[in-house]
Amino acid sequence: MPKKVFVVATAVFGVMVLLGHTGILFPLQMDFYDLKVRFWRQQRAMPDELALVLIDEASLAAMAPLMGRWPWPREVFADLLDYFKIGGASAVVFDILFVESSTAGQEGENEHDRRLAAASRSADNVIYAAQAVREADESLKYYSTKNNVTFLNKYKKEKIVIALDGWRRPDHPVVYWPTQPLALAATGIGMASFVPDVDGVYRRAEPLFRSQSRLWPALSLAALLYIQEDAVLRLTGDALDFETVAYQRTIPLAGDQTYWVSPYGRYTAYSLSGLYLSLMRLKQGRVDTLPVHPEVFRDKVVFIGASAAGVEDLKSTSLNRLTPGVLLHAAVCANIMDGDMRRPSPRWVDLGLLGVAVFFTSIVIFSCGRTRSQIICWFSVVVLLCAVDLAVYPLGWIVSAIPAVIAVSAVYLSAMTWLNFSTSREKRKIRNILGQYVAPNVLTTVLDQHKEDFLSAEVGRRRTLTLQFSDIRQFTTIVEQLSVEQSVNLLNRYLAMMVEVIFAHYGTLDKFIGDAILAFWGAPIDDEDHAFHAVACAVQMQHMLSQLNHEFSTDGLPRLSMGIGVHTDEVILGNIGSSKKLDYTVIGDGVNFTSRLESLTKVYQCPVLVSKDTYEAVKSRICCRAVDYVQVKGKSRCVRIYEAMELASHCEDRLLAVARKSDAAYALYMKHRFAEAADLYREVLQLKPDDGLSHLFIDRCNRYDRHPPGPDWKGECVFERK
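Residue numbering for the sequence shown is 1 to 722, as defined by our numbering.
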């Protein structure tokens with residue numbers, strides 16, 4: 001193995017292992033985990049053996065006239081237990097805390113409590129929720145200490161065959177139990193507590209809680225343990241074995257003995273108000289008009305909880321940022337019943353995946369000779385890792401490929417840095433030889449592509465390019481007002497800014513001609529969108545000049561204005577010069593016309609003018625308006641010209657209206673309807689009072705209206721001077 005491969009791969013592997021211990025990667029890992037869960041579980045339906053009854057917004061509204069505001073009298077839940085008993089539900093699980101008597105602050109039972117306790121004893125399948133916490137809530141301290149927990153001995157300890165020291169989760173010294181009458185009447189008690197991850201999302205559950213010198217099951221497990229008489233829970237290594245005569249399930253645990261919940265995107269939920277209405281009609285003998293027949297709950301485990309915002313039991317999960325908490329309990333129960341569980345990958349698997357990805361990528365990237373191949377390699381490995389991560393989830397494994405993805409990216413960057421550094425000396429030698437002959441941008445192309453034809457003065461070819469010529473207006477007059485130092489400072493700052501914009505839009509700087517700039521697009525690198533890039537650059541140059549003028553004003557320098565002409569044409573492109581000095585440049589009639597086009601910006605008072613050929617290539621993405629039909633000096637034919645006003649994606653409604661009205665006015669002008677055209681140009685002035693083009697055409701229309709041109713006139717405007 002080459003030294004560079006070993007050094008880069010080992011360094012990246014070590015850094016990623018250290019980062020994994022710090023938890024820095026956890027947010028990215030969880031974001032991808034949530035994406036994975038949504039991909040696989042959004043359409044997964046909860047098993048039919050479970051049913052959800054929700055206290056939703058509709059329930060609160062429907063029950064308010066009957067029972068008042070939430071919380072309701074407990075006789076409501078007693079009636080529900082009678083309803084489920086009629087239907088033959090196998091278990092009823094309350095994800096609702098009944099830690100106080102119905103009349104808050106009073107000791108002992110009242111009628112509502114006795115009614116619910118009696119219904120619970122009669123049903124003999126009710127699981128109540130308790131809440132285990134590590135720090136007491138002072139407002140509920142009474143309920144955690146006042147109740148004597150000796151009644152809890154009724155729940156069989158032998159169902160959880162696990163030694164206390166075998167369960168490493170922290171102790172919960174404080175538990176808010178159901179009231180004693182309910183606890184004695186219940187079939188089981190389960191802990192309803194969930195702890196979110198550091199990002200506030202609930203992805204995992206604690207299956208067991210240590211408190212009162214024993215282990216207590218979570219609410220979901222309690223529903224299964226206490227309903228099935230023969231159920232036993234054992235700890236075997238990194239898993240819990242849930243054993244019954246009918247079946248056995250292995251519940252995989254993470255290293256901290258938590259369980260990764262596999263949520264369900266689809267489930268059937270019943271509004272509690274609908275069930276209560278059904279019970280009322282049953283009592284009235286109106287069996288044929290039941291909204292929900294109790295038979296739908298036969299042999300089902302029924303979870304009762306809240307989804308209404310006012311009840312405050314909504315939690316953020318991988319599937320939904322507002323998930324009813326009871327859905328998490330039901331999901332854990334369904335996972336165990338259905339055997340639909342995911343095992344976190346062992347640490348050695350994660351390290352192995354990381355190591356293989358890092359060393360494989362390092363070997364391949366250093367072996368590839370071209371940047372494109374190296375990028376393809378990096379991208380392919382990243383896609384493969386993400387695909388593996390995504391694919392193993394439905395197979396029952398939770399693997400995190402994010403550390404490996406980041407590591408592969410780090411290997412790519414490190415390898416490219418190494419390669420660039422090792423080849424920089426050779427490039428410096430070439431640069432020293434060629435730097436005195438070619439312009440900097442051509443030198444870069446020579447270094448990257450090693451094209452020998454760039455080194456010959458005879459090379460030249462015809463190419464269709466887009467040319468741009470820009471010039472500062474009245475620069476000679478401005479310079480006369482400044483000192484030499486100020487003039488040089490102003491011009492250098494202007495040229496630096498404009499060149500930066502040209503390069504940002506993929507342009508090639510041909511040359512400076514005093515304060516003028518000649519640039520072109522489409523070479524030396526092919527660019528099918530060269531016309532758009534050139535015009536977008538011209539628009540951006542005008543924007544940047546406004547910013548630069550603000551700086552000039554602050555520094556006490558005069559403001560500048562600039563005209564830009566853009567034209568697409570076939571020109572001669574090549575290395576022009578002698579064997580001692582070559583310039584990569586363009587020559588031809590198109591260059592001269594571009595210069596003439598820039599000169600016309602002063603006549604029409606339009607900052608950016610483009611020829612028809614350029615306009616046709618950019619009209620869908622650049623907001624333009626028709627300007628004139630001109631014949632410049634040195635050209636035998638007329639050319640339509642347009643003003644490029646703004647990128648279409650950034651064009652305001654006012655500017656769009658200016659363009660539309662200007663085009664309509666010019667169309668009337670070309671039809672010899674000069675008075676109507678002048679009126680439309682006046683409307684343009686209402687939108688843009690300083691529009692020099694409109695002023696010019698209003699004067700021209702008035703003149704032609706008084707002295708119409710001949711019948712052969714086609715709208716052309718001939719310029720005899722440059």
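Bear in mind the hints are in silico, worked out from the structure with no lab data behind them.
Since we're looking at a predicted model, the values are computed, not measured.
Accuracy of the hints is not assured; some may be wrong.
[Said to hold, decoys possible] Derived pair list, reagent style EDC-like, types lysine to aspartate or glutamate, alpha-carbon separation capped at 20 Å:
#1 Lys612 <-> Asp663
#2 Lys85 <-> Glu100
#3 Lys635 <-> Asp613
#4 Lys602 <-> Asp527
#5 Lys688 <-> Glu716
#6 Lys633 <-> Glu716
#7 Lys300 <-> Asp31
#8 Lys633 <-> Asp613
#9 Lys714 <-> Asp663
#10 Lys619 <-> Asp653
#11 Lys612 <-> Glu676
#12 Lys159 <-> Glu75
#13 Lys635 <-> Glu570
#14 Lys511 <-> Asp555
#15 Lys283 <-> Asp48
#16 Lys85 <-> Asp48
#17 Lys633 <-> Asp569
#18 Lys85 <-> Glu295
#19 Lys688 <-> Asp699
#20 Lys159 <-> Glu135
#21 Lys602 <-> Asp515
#22 Lys714 <-> Glu676
#23 Lys612 <-> Glu716
#24 Lys315 <-> Glu57
#25 Lys315 <-> Glu676
#26 Lys159 <-> Asp79
#27 Lys612 <-> Asp569
#28 Lys511 <-> Asp613
#29 Lys300 <-> Asp79
#30 Lys635 <-> Asp569
#31 Lys671 <-> Glu652
#32 Lys300 <-> Asp338
#33 Lys159 <-> Glu57
#34 Lys619 <-> Asp527
#35 Lys619 <-> Glu652
#36 Lys714 <-> Asp699
#37 Lys283 <-> Asp79
Consistency of the hints with the structure:
Of the pairs offered as hints, the one joining Lys612 and Asp663 holds, with about 14 Å between alpha carbons and a cut-off of 20 Å not exceeded. The suggested pairing of Lys85 with Glu100 is violated, with an alpha-carbon distance near 25 Å, which exceeds 20 Å. Between the alpha carbons of Lys635 and Asp613 the distance comes to roughly 16 Å, so the proposed pair stays at or under 20 Å and holds. For the hint pairing Lys602 with Asp527, the CA-to-CA distance comes to about 30 Å; that exceeds 20 Å, so the pair is violated.
With a C-alpha separation of about 25 Å, the suggested pairing of Lys688 with Glu716 is violated against the 20 Å cut-off. For the given pair, Lys633 sits about 13 Å from Glu716 by alpha-carbon distance, which is consistent with the 20 Å threshold. The suggested pairing of Lys300 with Asp31 is violated, with an alpha-carbon distance near 34 Å, which exceeds 20 Å. A threshold of 20 Å between alpha carbons decides the hint, and for Lys633 with Asp613 the separation of about 19 Å falls inside it, so the pair holds.
Between Lys714 and Asp663 the CA atoms are separated by roughly 16 Å; this keeps the pair inside 20 Å, and the hint holds. At roughly 17 Å between alpha-carbon atoms, Lys619 and Asp653 fall within 20 Å of each other, so this suggested pair holds. Proposed proximity of Lys612 and Glu676 is contradicted: the alpha carbons are some 25 Å apart, above 20 Å. Between Lys159 and Glu75 the CA atoms are separated by roughly 31 Å; this puts the pair beyond 20 Å, and the hint is violated.
Simply put, Lys635 and Glu570 have alpha-carbon atoms about 15 Å apart, close enough for the 20 Å limit, and the pair holds. Only pairs whose Cα atoms come within 20 Å are accepted, and Lys511 paired with Asp555 is rejected, the gap being roughly 28 Å. Proposed proximity of Lys283 and Asp48 is contradicted: the alpha carbons are some 28 Å apart, above 20 Å. As the CA atoms of Lys85 and Asp48 are separated by approximately 18 Å, the hinted pair is consistent with the 20 Å bound.
Note on Lys633 and Asp569: the hinted pairing holds, with a Cα-Cα distance of about 17 Å set against a maximum of 20 Å. Our distance criterion of 20 Å between C-alpha atoms is met by Lys85 and Glu295, whose separation comes to about 10 Å. For the hint linking Lys688 to Asp699, the alpha-carbon distance of about 17 Å falls within 20 Å, and the restraint holds. Using a Cα cut-off of 20 Å, the hinted pair Lys159 and Glu135 is violated, with the two alpha carbons roughly 27 Å apart.
Note on Lys602 and Asp515: the hinted pairing holds, with a Cα-Cα distance of about 16 Å set against a maximum of 20 Å. Distance hint between Lys714 and Glu676 is fulfilled; the C-alpha atoms sit about 18 Å from each other, no more than 20 Å. A hinted pair counts as satisfied when its Cα atoms are at most 20 Å apart, and Lys612 with Glu716 qualifies at roughly 14 Å. Proposed proximity of Lys315 and Glu57 is supported: the alpha carbons are some 16 Å apart, at most 20 Å.
Restraint check for Lys315 and Glu676: the C-alpha separation of about 66 Å exceeds 20 Å, so the hint is violated. For a cut-off of 20 Å, the pair hint linking Lys159 to Asp79 is broken: about 30 Å separates their Cα positions. In summary, the hint linking Lys612 to Asp569 is supported, as the alpha carbons are separated by about 11 Å, within the 20 Å threshold. Using a Cα cut-off of 20 Å, the hinted pair Lys511 and Asp613 is violated, with the two alpha carbons roughly 24 Å apart.
A hinted pair counts as satisfied when its Cα atoms are at most 20 Å apart, and Lys300 with Asp79 qualifies at roughly 18 Å. In summary, the hint linking Lys635 to Asp569 is supported, as the alpha carbons are separated by about 14 Å, within the 20 Å threshold. This hinted pair does not check out: Lys671 and Glu652 have alpha carbons roughly 29 Å apart, beyond 20 Å. A distance of roughly 14 Å separates the Cα atoms of Lys300 and Asp338; the hinted pair therefore holds under the 20 Å criterion.
Proposed proximity of Lys159 and Glu57 is contradicted: the alpha carbons are some 38 Å apart, above 20 Å. For the proposed pair Lys619 and Asp527, the alpha carbon gap of about 18 Å is at most 20 Å, so the pair holds. Under the criterion of a C-alpha separation no larger than 20 Å, the hint pairing Lys619 with Glu652 is consistent with the structure, at around 16 Å. With a CA separation close to 18 Å, the supplied pair Lys714 and Asp699 stays within the 20 Å bound.
Distance restraint check for Lys283 and Asp79: the Cα-Cα separation of roughly 11 Å lies within the 20 Å cut-off, and the hinted pair is therefore satisfied.
Violated hints for the displayed structure, listed by number in ascending order: 2, 4, 5, 7, 11, 12, 14, 15, 20, 25, 26, 28, 31 and 33.
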